[in-house]
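Visitor: Taken in order, these protein sequences are the chains called A and B. Quick note, the first sequence lines up with residues 1 to 134 if you use our numbering. Quick note, the second sequence lines up with residues 1001 to 1134 if you use our numbering.
None of these hints come from the bench; they were simulated from the model. It is possible that some hints are incorrect.
Stated by the list, open to error - Think about it this way: if two alpha-carbon atoms lie no more than 20 Å apart in a straight line, the pair counts; the simulated EDC-like pairs of lysine to aspartate or glutamate are: (1) A:K114 to A:D86; (2) A:K122 to B:D1092; (3) A:K114 to A:E130; (4) B:K1114 to B:D1085; (5) B:K1122 to B:D1086; (6) B:K1122 to A:D14.
There are 2 protein chains.
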Amino acid sequence: MIGRLNHVAIAVPDLAAATQQYRGALGATVSDPIALPSHGVTVVFVELPNTKIELLEPLGEGSPIAAFLARTPSGGIHHLCYEVDDILAARDHLVGTGARVLGSGEPTNGAHDKPVLFLHPKDFNGTLIELEQA
Amino acid sequence: MIGRLNHVAIAVPDLAAATQQYRGALGATVSDPIALPSHGVTVVFVELPNTKIELLEPLGEGSPIAAFLARTPSGGIHHLCYEVDDILAARDHLVGTGARVLGSGEPTNGAHDKPVLFLHPKDFNGTLIELEQA
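With the sequences and hints as input, model every part of the structure.
Guide: Set out below in structure tokens:
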């Protein structure tokens, strides 16, 4: 069912500093910052040959990564995003196995403008998993 | 400098249960378990089209993931592994930027039988980074 690893999302307290670490120390190609106010984050994309790393900084009130950074102020890996072909079929299969989908259970429009769902980290070894219909 | 994301490593308290979650709930292709006593882990590989996820369970005394699981008993993402062409050149460049290499600073033989180094998570937004000479 799951396909490509679409991205690894890392919450960072200082996006400019994190960009410089990835560009300078790690020698990676990093995009300019993109503000996504409706998602409560500013993001840069670290482009790797086979996938991407998304560095996320909180933006505005009620950012979905604010609580995470309050617990882990130096930052950390926030979630993994796996691609699926059919997000409703994936959801129904997952729910059938007892896995919990966060929120209402209905897909929302993700940061890439595609339907996404998040799975409860307690059902997957403490890992927050995003599913994105590719 | 960094190339492909070689793998994402997730520390899990129960490898059989984690395998079943990835095979059953997420419908992924998961290898049989491989014991790596010299690395203190038993691993399964979740094969995705573009990279892999490694699920790690502690093996024996002094497992390098035992302390992590003591802090986070339900498991969690342990490290990201980026490929590099020349690990000594990568190390020297990183040290020149002020980044800290863990241990002696000399590459060791990793779980894939290739030279690896680990970078201090405090220098990279709380993310433990493994570099592997591909």
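Visitor: Now tell me, hint by hint, if it's right for this structure.
Guide: A quick look at each hint next to the structure:
Proximity of A:K114 to A:D86 is assessed by CA-CA distance (about 11 Å); at most 20 Å being required, the pair is judged to hold. Only pairs whose Cα atoms come within 20 Å are accepted, and A:K122 paired with B:D1092 is rejected, the gap being roughly 40 Å. Pair hint A:K114 plus A:E130 holds up; C-alpha atoms about 12 Å apart against a cutoff of 20 Å. Annotation: proposed proximity of B:K1114 to B:D1085 holds, straight-line Cα distance about 11 Å (limit 20 Å).
About 23 Å separates the Cα atoms of B:K1122 and B:D1086, which puts this hinted pair outside 20 Å; it is violated. A hinted pair counts as satisfied when its Cα atoms are at most 20 Å apart, and B:K1122 with A:D14 qualifies at roughly 13 Å.
Violated hints, listed in ascending order, are 2 and 5; each of the other numbered hints is respected by the structure.
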